[in-house]
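**Q** Listed in order, the protein sequences are those of chains A and B.
If you use our numbering, the first sequence closes out at 92, no skipped numbers anywhere.
If you use our numbering, the second sequence closes out at 169, no skipped numbers anywhere.
Simulated from the structure, these hints should not be mistaken for lab results.
Be aware that a few hints might be false.
Partner residues aside, some chain B positions facing chain A, computed with beta carbon under 8 Å [claimed, not checked]:
{"#": "1", "residue": "69"}
{"#": "2", "residue": "72"}
{"#": "3", "residue": "74"}
{"#": "4", "residue": "118"}
{"#": "5", "residue": "133"}
{"#": "6", "residue": "136"}
{"#": "7", "residue": "154"}
{"#": "8", "residue": "164"}
Pulled a few chain A residues facing chain B out of the computed Cβ check, cut under 10 Å [claimed, not checked]:
{"#": "9", "residue": "30"}
{"#": "10", "residue": "32"}
{"#": "11", "residue": "43"}
{"#": "12", "residue": "47"}
{"#": "13", "residue": "53"}
{"#": "14", "residue": "57"}
{"#": "15", "residue": "58"}
{"#": "16", "residue": "66"}
{"#": "17", "residue": "68"}
{"#": "18", "residue": "80"}
{"#": "19", "residue": "81"}
{"#": "20", "residue": "87"}
Glycine included, every Cβ here is placed at the ideal spot set by N, Cα and C.
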Amino acid sequence: MTTARLDLRLEAHDKDRITRAAALRGLPVSSFVRDAVLREADAIIAADAVVTLSQAESRRFLDALDAPFRPNARLKKAMDAAARLTQR
Amino acid sequence: MALTFVVFDGRQHDRDGFTCGVAALDDYLRRRAGQHQRDGIATTHVLIDDAEPARILGYCSLSAAQLYLQELRETDRKRLPAWPVPAIRMGRLAVSVAEQGRGYGQLLLGHAVNLALSVRQTMGMRVLIVDAKDARAVAFYEAFGFRRTASAALTLYLPLSGARA
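The shape of chain A in the complex, shown without the other chains (with noise of 0.2 Å):
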């Protein structure tokens, strides 16, 4: 796995704070951050569920809209499986 480095200033005080919590975690400062800022963001991301389609698959989404919707042949078949699994 590729590592990389975030830098960052912070007011000293905040910093101290940081450092107490951690040390009540029983975690190094840069595990306890890693894990906290990982743990926002990816609340962050998960909340921002707004996905845009490029222009081209803008048009072929309309016209899908169209036609009810038709698994292929492989999805059929794993819906299918999946259902056979709640209906027991």
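With chain A fixed as given, assemble chain B onto it according to the hints.
**A** Structure of chain B alone, referenced to chain A:
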């Protein structure tokens, strides 16, 4: 042995024992899935064998999303009264390393599509969006009829328009 799908429950399912080979997906299940479920961000569905119901064979997580289209003309806008297009997003899908190669990934995908179609009967929703972790996962979803949202994107979509044929 009987496989079944249930909603993830941190008290019942052994999330710490789950390894799929991708650290971010293991980490999500261990540390965030339960929290996201409580906060109403995403719901995680797990595949289990009822002979050993604590062991997670695989999981997928679903959340609400919105799909934007580009360069819509006025006539197209009229065809999309619900705008942005309401969507369901499968942000994660993972299968335990010990269970890979048994078709559990496609079972979970089939389950997600079935769930999306059942949601569609309850509220407006027109598309299932999936996030692939790499090119291999993109190819997996494309084989099931998903299309890329943009040429190089790892996000794909499957229109669920109209009644099922």
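**Q** For each hint given before, does the structure comply? Return the numbers of the non-compliant ones in rising order.
**A** When the structure is compared with the hints, numbers 6, 9, 10 turn out to be violated.
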